[in-house]
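There are 2 protein chains.
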Amino acid sequence: MEVNRNLDREIPVLDWETHLAARTKFMRSSAIRELLKLTQDPEIISFAGGLPAPEVFPIREVEEACKYVIRGMGKQALQYSATEGYQPLKEFLADSMHKYGIPAIPENVLLTNGSQQALDLIGRIFIDPGRYVLTGRPTYLGAIQAWRAYEAKFHTMQVDEQGMVMDEIEHAYHKTVEDSGYPPAFIYVLPNFHNPAGTTLPLERRIQLAEIATKLDLAVVEDDPYGQLRYEGEDIPPICNLIPERTIYLGTFSKIMAPGLRLGWIVAPEALMKRFIQAKQGCDLHTGTLVQYVANDICERGILKPHVKKICKVYKKRRDTMLDALTEFWPEECQWTDPQGGLFLWARVPESIDTTKFLREKALKEKVAYVPGVNFYPNADGGHNAMRLNFSYAPPDVIVEGIKRLGIALKKELKNE
Amino acid sequence: MEVNRNLDREIPVLDWETHLAARTKFMRSSAIRELLKLTQDPEIISFAGGLPAPEVFPIREVEEACKYVIRGMGKQALQYSATEGYQPLKEFLADSMHKYGIPAIPENVLLTNGSQQALDLIGRIFIDPGRYVLTGRPTYLGAIQAWRAYEAKFHTMQVDEQGMVMDEIEHAYHKTVEDSGYPPAFIYVLPNFHNPAGTTLPLERRIQLAEIATKLDLAVVEDDPYGQLRYEGEDIPPICNLIPERTIYLGTFSKIMAPGLRLGWIVAPEALMKRFIQAKQGCDLHTGTLVQYVANDICERGILKPHVKKICKVYKKRRDTMLDALTEFWPEECQWTDPQGGLFLWARVPESIDTTKFLREKALKEKVAYVPGVNFYPNADGGHNAMRLNFSYAPPDVIVEGIKRLGIALKKELKNE
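Sequence order for the protein chains is L and D.
So the first sequence is numbered by numbering that gives the first Met the number 0: it starts at 0 and just counts up by one.
So the second sequence is numbered by numbering that gives the first Met the number 0: it starts at 0 and just counts up by one.
Calculated directly from the structure, the hints in this document are not laboratory data.
Watch out, some of these pointers could steer you wrong.
20 Å max Cα-Cα, derived EDC-like pairs, lysine to aspartate or glutamate [said to hold, decoys possible]:
1. K24/D <-> E269/L
2. K214/L <-> E62/D
3. K214/D <-> E400/L
4. K74/L <-> E60/D
5. K309/L <-> D14/L
6. K214/L <-> E16/D
7. K152/D <-> D178/L
8. K74/L <-> E62/D
9. K66/D <-> E54/L
10. K214/D <-> D127/L
11. K364/L <-> D319/L
12. K74/D <-> E210/L
13. K403/D <-> D323/D
14. K74/D <-> E16/L
Below, a sample of chain D positions facing chain L; criterion: calculated Cβ distance under 10 Å [to be verified]:
15. N5
16. I58
17. V61
18. P394
Quick caveat: nothing in here was measured; it's all calculated off a predicted structure.
The C-beta atom is built at its ideal place from N, Cα and C for all residues, glycine as well.
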């Protein structure tokens, strides 16, 4: 053994797989992320990602906030900080959650590296290997990925035009107890502008969920990244309004400010917050101090609300454009959801078309991308003729062109059968 | 069940412990973090934390970088980005690692939310419940905390004046195989200016470690947060120079730029990098885009190197001040390490004094804080008469006053026996 000055030497490749933990084999790359790599070709019109439109990032506001907090509080904004998060930001969030119908005080709030970290922390403190999670089919891909790393199993409930069907929960609960010996770790819901389904749970279903969860002593994870991006209709009270004692609510700045800040938050009962904080300490000590100061400055200046209004206006137009284009260019046999907000809609094509195959063999050749529906089914037992379409990222004229290209390809496919 | 408009109502408190995963009971709050809360009293002189001095934060440089990247690349800097990290920053780090003696290319580099996330990712992909980690006694507290969450066991090797004693590794390896049925997940070393011991591994011991690790097919985690903070002597080649094929190297901007950015990096063999990226995707999708752009701008401008020189000058003075004050004010029976760099030294008092008890009953009354040594022993089997003293945070005059107060209290304690 010697100090090797030749740093460009050939280095042996070891077989690492034999060194790894059992859980590591459950980890998979996100299909979306792998797909996004395929679609980096700038000629491709991508409805695949979940990216906000960069045109509506508050760039000037972030620049001003950076300047203000670094000049005025640079020593604090660049130092280590509390695991729980920056106190003024926690206060702002508790207050704004309160206005939204959630009985939160600052002690119920934990800042996270985006909502994805919140999903990870939930997996970490709740999921034993082999334990079930109840969720919809389809459901959010990032949640599946986060919880697979903890060796979760998934039991899914149907999602119809109004979101998750609640009638199945009690049966599902007993089935998972029977199968695993344990009650499910929690039930996961996306009540507003569901990713990927685009559906919104009506109040009656939320009340039904709250009653069943209480009866079964079930924890509820309420993921609400798009709640403030409503383009029509009235806000519906969150599940955390109905049963705050058993709801873990997730919010994020990614869609209303900017995802590159990596800032989300958890609202949870105080008794549980201690566990979240311990888990987060081990994960990364705390969320970035500077970005929390910057977000707080933007919040305190009162510019977030008008900014969200501006975003809603832009996205509403893109949603309407996509809906109109679908009606105009797609075959009659196709169906799609009509989301009241958010970033996505869910389209179904005739059963004869497999959307994974169609993406690879047809859509990408026409330079259009989407995410095939099966990726949102944790047990891969559906969605083969569905796809998720994002309408927030591409400008309206590009949306029309992309939907048109897909429509032409779909019609051709159906005709050739 | 009804929508409850009274958000200040009494909310039932559930018993969450019965809902949690088995691993959650292994999570504990960091003793340091709990202690720091006690020491938020501004009158207390704290040698407890591991905080860099805010006087040497590159505040103006960060402000300028924010302005530059937000104005010039705001749409990218605020958007989602790749899990692996920002390509130009990966290139800069690969290049600077190369100069440091590590044969890295950008594909070997992953950006993390500080080094703590790197420790967590390592636990996640390597540690099965009940699997052993080999480490020194004492060792870094944050690593213990990160890996306890994965239900690791720890087998420890003695740390003497030159760092970890390598003669014990082979025996330890076989002992852990015997005890758990599996080889240890990896060996964890802090070769430069050890936290908490302040020791530096000489080249012979690094070579010895590399030979043993190769013989036993053992992965090495080389944690090097302070490597660039050397106040005297010559750089010693990192272990990753000797056995890059089996070393996972951890670096961080926390001590050389600012911890509030939450930016660290992993250098690992490419075959393993795929697993780290999958694990990180599930954890938080990616590290903050904005802070990576900011750090990259500072790196590209070439101002990091002179800035590190400035930090070293300030910390060297503080270290010397602490060493002089210890010699002047502490009882003869005490000993301490003489670190060539970093942020900490390790002091031993006579065995009759329990440093945890002494902290609570004496030191805090004299308004001085440190971290009791036992916290750095994963199996709590030593360090009862030791303490970790940080010399980077308090200015020189405060260091003198704090060491003097501790010295007087220690002398009093020894006299009273």
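For this structure, which hints from the list above don't hold up?
The structure conflicts with hints 2, 3, 5, 7, 10, 11, 12, 14 and 18, although it agrees with all the remaining ones.
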